[in-house]
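K.L.:
Build out the structure end to end from the sequences listed, making use of the hints.
Chains as they are written, first to last, in our numbering: chain A, 5 to 431; chain B, 5 to 431; chain C, 5 to 431; chain D, 5 to 431.
Any given hint might turn out to be false.
If several chains are the same, the list does not tell them apart, and a pair holds so long as it fits within one copy or across any two.
Calculated cross-link-like contacts (lysine-lysine; reagent style DSS-like; alpha-carbon spacing at most 25 Å) [to be verified]:
| # | residue 1 | residue 2 |
| --- | --- | --- |
| 1 | 288 | 11 |
| 2 | 45 | 33 |
| 3 | 35 | 69 |
| 4 | 11 | 103 |
| 5 | 11 | 110 |
| 6 | 96 | 33 |
| 7 | 235 | 131 |
| 8 | 33 | 69 |
| 9 | 228 | 110 |
Just so you know, these hints were derived from the structure itself, not from any lab.
There are 4 protein chains.
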Amino acid sequence: MVNNDLKIFEELESSVRSYVRSFPTVFKKAKGYKMWDINGKEYIDFFAGAGALNYGHNDEKMKKKLLEYIAQDGIVHSLDMATEAKANFLEKFNEVILKPRNMNYKVMFPGPTGTNTVESALKLARKVTGRTNVISFTNGFHGMTIGSLSVTGNSAKRQGAGIPLQHVVTMPYDNFVSNNLDTVEYLERFLEDNGSGVDIPAAMILETVQGEGGINAAKFEWLKRIEEVCKRWGILLIIDDVQAGVGRTGTFFSFEKAGINPDIVCLSKSIGGNGLPLALTLIKPELDIWNPGEHNGTFRGNNFAFITATESLTYWETDEFEKSIEEKSVKITEFLNNIVEKYPELNGKVKGRGLMQGISTPIEGLASEIAAKAFENGLIMETAGPEDEVFKLFPPLTIDNEGLEKGFKIIEESVRSLVASKQLVGQ
Amino acid sequence: MVNNDLKIFEELESSVRSYVRSFPTVFKKAKGYKMWDINGKEYIDFFAGAGALNYGHNDEKMKKKLLEYIAQDGIVHSLDMATEAKANFLEKFNEVILKPRNMNYKVMFPGPTGTNTVESALKLARKVTGRTNVISFTNGFHGMTIGSLSVTGNSAKRQGAGIPLQHVVTMPYDNFVSNNLDTVEYLERFLEDNGSGVDIPAAMILETVQGEGGINAAKFEWLKRIEEVCKRWGILLIIDDVQAGVGRTGTFFSFEKAGINPDIVCLSKSIGGNGLPLALTLIKPELDIWNPGEHNGTFRGNNFAFITATESLTYWETDEFEKSIEEKSVKITEFLNNIVEKYPELNGKVKGRGLMQGISTPIEGLASEIAAKAFENGLIMETAGPEDEVFKLFPPLTIDNEGLEKGFKIIEESVRSLVASKQLVGQ
Amino acid sequence: MVNNDLKIFEELESSVRSYVRSFPTVFKKAKGYKMWDINGKEYIDFFAGAGALNYGHNDEKMKKKLLEYIAQDGIVHSLDMATEAKANFLEKFNEVILKPRNMNYKVMFPGPTGTNTVESALKLARKVTGRTNVISFTNGFHGMTIGSLSVTGNSAKRQGAGIPLQHVVTMPYDNFVSNNLDTVEYLERFLEDNGSGVDIPAAMILETVQGEGGINAAKFEWLKRIEEVCKRWGILLIIDDVQAGVGRTGTFFSFEKAGINPDIVCLSKSIGGNGLPLALTLIKPELDIWNPGEHNGTFRGNNFAFITATESLTYWETDEFEKSIEEKSVKITEFLNNIVEKYPELNGKVKGRGLMQGISTPIEGLASEIAAKAFENGLIMETAGPEDEVFKLFPPLTIDNEGLEKGFKIIEESVRSLVASKQLVGQ
Amino acid sequence: MVNNDLKIFEELESSVRSYVRSFPTVFKKAKGYKMWDINGKEYIDFFAGAGALNYGHNDEKMKKKLLEYIAQDGIVHSLDMATEAKANFLEKFNEVILKPRNMNYKVMFPGPTGTNTVESALKLARKVTGRTNVISFTNGFHGMTIGSLSVTGNSAKRQGAGIPLQHVVTMPYDNFVSNNLDTVEYLERFLEDNGSGVDIPAAMILETVQGEGGINAAKFEWLKRIEEVCKRWGILLIIDDVQAGVGRTGTFFSFEKAGINPDIVCLSKSIGGNGLPLALTLIKPELDIWNPGEHNGTFRGNNFAFITATESLTYWETDEFEKSIEEKSVKITEFLNNIVEKYPELNGKVKGRGLMQGISTPIEGLASEIAAKAFENGLIMETAGPEDEVFKLFPPLTIDNEGLEKGFKIIEESVRSLVASKQLVGQ
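P.N.:
Structure representation (structure tokens):
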């Protein structure tokens with residue numbers, strides 16, 4: 005029997021544990037957009053497993069399929085052997101996702117984590133081009149293993165490497181320096197000048213909306229121009245859609261509306277459907293020059309995830325799901341704009357796209373305090389950005405109006421109370 | 005409906021797929037030490053998910069717990085938030101595994117793959133010591149992400165990196181040069197001579213039995229001496245027990261009988277119980293200097309795996325399980341010695357320890373042919389070693405006598421027929 | 005006996021030889037600003053050993069001192085033992101150069117080449133700060149050994165390394181992107197944003213006027229702001245004054261008029277006085293934490309160079325020399341402006357500062373053709389820039405009016421004839 | 005006027021100065037094997053500029069040629085333009101050195117230092133093979149710039165880099181582990197095993213006798229086998245003959261008697277004849293794939309050095325010089341063997357070859373004390389080895405019997421007095 009006092013975690017778990025510090029309770033059960041701790045307290049989930057639970061918790065249809073599969077002694081673990089569950093997933097992914105979008109990609113199953121798909125993408129891009137260098141972007145976040153960490157901007161995470169992180173040049177993301185500076189022009193100067201010290205890289209890797217980096221949404225036009233620069237110089241374009249993909253920004257892939265056609269796409273988090281570990285690397289067929297087993301891993305064949313992932317794709321068979329995300333996006337934007345206007349003390353700025361929006365506030369520590377207060381009030385919500393200066397709304401895409409409104413109410417209440425307390429201090 | 009012709013994999017999956025080429029059928033169902041393809045053909049499993057299925061497929065008790073948990077809408081995915089399932093796992097791991105062995109480790113949950121625990125171990129060792137260099141050993145295999153790949157010996161895998169792999173010095177594993185050369189003396193000369201070009205490293209990382217590297221078992225005495233060298237020079241000792249651990253060599257940790265006390269231990273594969281992705285990094289408390297979130301990842305909280313992992317630890321509550329592994333080990337050794345003697349044409353050598361044994365043969369391609377023939381005859385068995393020169397017997401630890409005997413029979417039949425066909429060619 | 009047909013060089017010397025291809029004759033004798041080949045043909049020297057012969061060839065006073073020294077069997081080679089010649093140099097350098105400028109530096113004698121002083125500066129900066137990263141600037145040129153090459157921008161030179169060049173981030177030099185873009189603001193954004201992927205570096209290294217990089221002169225204000233940024237972030241400022249120093253831009257150190265106070269200064273080329281190999285690294289006393297012998301080399305004690313270097317400092321005992329350089333600078337600027345105006349077909353742009361000026365022309369290959377034509381006509385002049393798009397006037401600082409005028413005449417004649425021939429082609 | 009109190013060096017020179025601490029006096033004049041300080045005290049030189057003064061100080065014939073050249077205003081500095089002095093050197097080097105030895109090499113002039121020829125050799129080997137890795141050997145010493153430092157074993161020097169030194173694997177030099185262990189067999193196991201973690205390198209680089217590393221002389225048979233391994237695996241063999249070359253071990257190239265045929269040879273130190281900076285890289289013609297200017301440097305055309313170097317080659321026109329070195333070698337060996345025998349307290353071991361011999365003693369600090377005492381008594385002699393455990397006899401090759409005997413006497417006196425004083429302490 006477990007108490008709700010976290011003592012066991014403090015005693016036995018490494019100090020590296022993190023979210024348990026932001027959300028200090030012991031969870032037991034979850035459904036849709038709700039979670040309950042072992043005391044039965046209910047929480048609205050505006051966190052959604054940092055984007056791994058886009059379809060909410062324990063979706064009934066996925067759960068049913070999984071229970072059936074387990075009951076029949078379906079294969080659990082298969083490395084990259086062929087299984088029925090995997091075949092079904094591949095077929096449905098092709099039919100529902102790739103074909104209707106006129107996309108032609110080979111599917112690679114790296115180890116079942118975001119960092120593993122990124123590592124596989126970087127390795128392949130270097131192998132294909134014979135170049136070692138990769139261009140990443142400021143405030144990009146791609147994972148914690150050395151290859152992915154090298155293309156990640158966050159200095160605290162980078163210092164954790166214990167070795168210099170190399171073979172990477174960081175270029176300014178859209179709007180990094182200021183709203184006026186055209187960062188693509190800048191980037192291209194480095195490529196075109198033979199004395200710039202920046203070699204033509206194997207690839208550029210980027211997120212279309214930077215989740216961990218502060219909910220920075222690149223303009224579609226900027227993405228399009230980056231793609232053009234890549235084409236001009238023979239550079240592969242890798243889109244890391246681990247967090248922004250699978251509907252989070254409104255479309256299955258986050259880059260659909262930008263009209264770009266990446267060479268390699270990284271997927272993980274919600275691709276498994278209900279939160280089970282899974283990752284895909286999508287590769288243009290002409291780049292699929294891997295030798296058999298050249299990148300491998302034990303858990304590439306997580307068949308439970310194939311079962312739930314396959315079922316989750318049903319959401320994408322019509323365009324209803326996209327429309328519903330769009331409607332919720334609009335509501336969130338309106339809500340956030342309203343907050344910024346109503347509480348000028350926040351000095352807030354609405355950021356992001358789709359169900360990946362938030363407010364940044366320059367007041368030190370305030371975003372974290374708002375999130376902490378919201379947690380007290382029954383809402384799970386995370387912060388982001390290099391100084392944790394953004395609180396971000398990441399509800400399941402399947403959330404209903406009631407859930408949204410409840411969440412909004414808690415957030416506004418948290419903002420109001422903190423602004424009020426700050427004012428008292430200020431006087 | 006899926007056919008058994010693999011066409012869908014050839015069309016849609018990346019050329020990196022590998023085991024599907026060795027075991028070309030579509031699997032559907034599995035139980036204990038048996039698997040079935042979609043045509044209903046039965047296979048004896050002497051592969052055990054490359055060590056991820058030490059308790060066999062779909063263990064009834066684990067399955068029951070998991071079905072209950074899912075039915076109750078238990079949390080699926082929790083990052084590193086606290087959950088009841090995680091608390092139960094931590095407690096049982098402490099009670100059943102650590103305490104009885106007088107071990108004192110903090111438990112870190114890195115991303116749920118072997119390479120992720122290795123990456124976390126290397127990062128921590130570098131952080132603790134402030135040194136960048138790590139000593140790895142010839143034919144070590146630690147994973148495919150850049151940090152782990154750097155300490156992996158296999159040249160084909162290393163070339164896949166596309167960048168030079170650095171901050172690592174490879175030293176000779178036990179018996180690498182010859183049976184007579186004392187590789188520890190050699191290693192220590194490099195450490196003690198200030199002109200050797202080898203800096204005192206942050207850590208040494210090694211497997212006690214090298215699985216992928218060719219079923220090379222280090223002598224316990226060699227391990228003990230390596231530990232002494234580490235102590236003498238203030239070097240951390242990391243044991244990668246991803247494949248050799250969780251009972252595979254006869255004890256829960258593979259290094260128990262060597263009497264060593266590693267600073268960091270990497271666990272994955274079978275730690276999840278039934279093949280679900282999970283990994284642990286065990287850290288001496290005084291080395292647990294991680295900052296919160298310094299190494300993170302989306303799927304650290306795979307609660308299904310916590311449920312099955314917790315149940316799996318029941319196997320270790322008494323010493324019966326260890327005894328049964330020991331008995332099977334003896335049988336396998338006898339069987340293999342017999343094969344080597346009976347088929348001198350193999351020029352075979354028995355290698356390994358526990359349920360991690362095999363036969364190496366210098367005849368080019370022969371080990372792979374034996375494995376391929378065995379697959380035709382209904383046995384799943386892998387090869388290992390830098391030239392795939394070893395066929396390895398990796399049955400579930402829970403296999404019964406009947407299963408073992410069936411497997412032995414198929415192996416011997418495969419050896420016999422290939423030796424016979426070689427001889428015909430030879431005449 | 006040597007012919008003037010270069011056959012011996014083609015047969016025996018490596019294909020790496022370079023200037024012999026631009027100036028294809030065998031030189032025999034030189035005096036002041038003149039050189040003669042073995043056929044007795046005279047050349048005006050507007051190249052000055054790429055900045056190593058600022059005092060011209062075979063200065064009479066230096067020659068006299070050297071002949072005396074040799075006649076007395078003075079020490080030739082002394083590593084870093086103490087010699088009378090070295091003591092005299094140190095004293096005079098202190099009296100004539102450092103003291104009057106209120107500069108306080110320890111003098112280090114690295115190996116007698118530019119790349120060696122740069123390597124020593126980078127090593128010391130890393131040692132002092134404990135950081136590995138260094139910021140260099142686009143089109144910087146610092147040398148060909150791996151440490152210096154890492155901070156050099158030129159891609160052809162970089163590829164010669166054969167290994168990835170690391171531990172360096174290249175930032176835009178003044179005016180790199182456009183005349184309007186403030187590259188210091190840009191640079192500082194990277195330093196101040198914790199998610200930028202650019203760690204605070206050990207040092208910034210730069211030339212105040214980039215010689216090889218295309219005669220790019222940084223504004224004094226830009227240099228001042230770079231120094232401020234370094235101070236703000238605790239970054240060491242290394243000025244590589246190997247080419248721009250020793251009077252080339254008008255003052256002994258090229259940075260004097262910018263009013264900055266570098267932490268480390270690299271000197272070589274003309275510091276030896278008459279073209280003998282010598283290099284100095286000037287180090288703020290509080291940074292001089294070298295262990296004895298931590299950076300060494302065989303030819304640190306080139307006593308012939310101490311003799312001529314000491315004598316050369318006599319030029320700096322009054323301010324007359326500076327004034328005369330200033331006057332010549334003005335003449336060169338006028339001449340170049342006139343050329344640009346008179347020959348609009350050049351689409352020329354005057355660049356540089358002091359006796360380190362040139363004209364860039366965007367017409368492919370034209371600058372090289374002008375230099376080649378000038379050589380035919382008896383003038384030695386080099387090109388620079390990533391596309392060799394600049395022809396550069398680098399006469400000895402001691403050149404007289406007659407020499408300047410002769411050189412100008414040959415240059416104008418070369419420009420005129422090439423512009424004329426291009427037009428003919430164009431019609 | 006300079007005093008002999010070193011104050012000026014302490015005040016103005018960096019703490020990196022080193023030999024001035026071992027030989028604390030101000031030198032003024034030198035001739036043959038003798039040096040004089042400014043007080044007129046005479047010293048026997050058994051140091052010879054660490055191998056840069058093999059022909060002694062101020063050789064009369066070289067001096068004469070140089071004075072004539074200077075008097076005629078010969079070119080001093082020419083980068084890599086063609087000069088008469090350079091042509092003469094190339095021709096004589098070809099006639100006197102290469103042709104009689106049936107050697108076919110292109111001559112490259114890198115910057116005029118040992119580290120620069122090593123850097124050029126490593127770059128070229130990597131360019132030719134397309135590989136990044138290089139194998140160096142324990143206690144090798146190749147220079148202080150980053151490329152050369154990477155292949156240098158000494159840990160104190162390596163730490164001075166301030167960055168991890170990479171792209172290098174250090175293998176055991178002959179007799180590194182013990183006299184019995186065959187280090188070539190060991191090395192080759194790493195190359196032949198695909199799982200060894202050691203990629204086939206671009207090159208191996210080594211000295212035939214390690215000067216700084218402790219006067220370790222590799223057996224000729226060992227060198228021959230290393231060459232065979234290089235051939236077998238397509239690895240380039242670079243001999244760094246900077247210190248052991250130009251007659252130091254008895255033949256012009258140190259490897260002549262080993263019967264090997266290196267792909268690249270590095271020369272510097274005594275190649276300039278009288279201690280002036282010069283370096284050559286000798287390259288097999290088929291490997292000379294440099295682009296023009298791909299490796300460059302300001303002081304490649306040190307014409308004074310060409311003049312003296314050309315004259316110095318006269319020593320090699322007959323075999324008398326070799327014979328005289330041989331005779332002196334025998335004398336030195338006899339002297340050292342006698343010392344070891346006569347003073348068993350030294351626990352001494354004679355090491356080295358030719359005029360590059362010494363005695364190692366395990367008694368901490370003793371070798372340095374002997375050298376210090378010898379200096380007091382008028383002999384300049386250096387120590388070597390990772391613990392400075394060897395005192396080394398490095399007289400000019402041109403020394404006469406009287407000089408040798410004087411030196412021997414001072415050394416024996418120093419040994420005797422120190423051994424005596426130690427015994428007193430010991431009682």
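K.L.:
Of all the hints given earlier, name the ones this structure violates by number, lowest first.
P.N.:
Of the numbered hints given earlier, the structure breaks none, since each of them holds.
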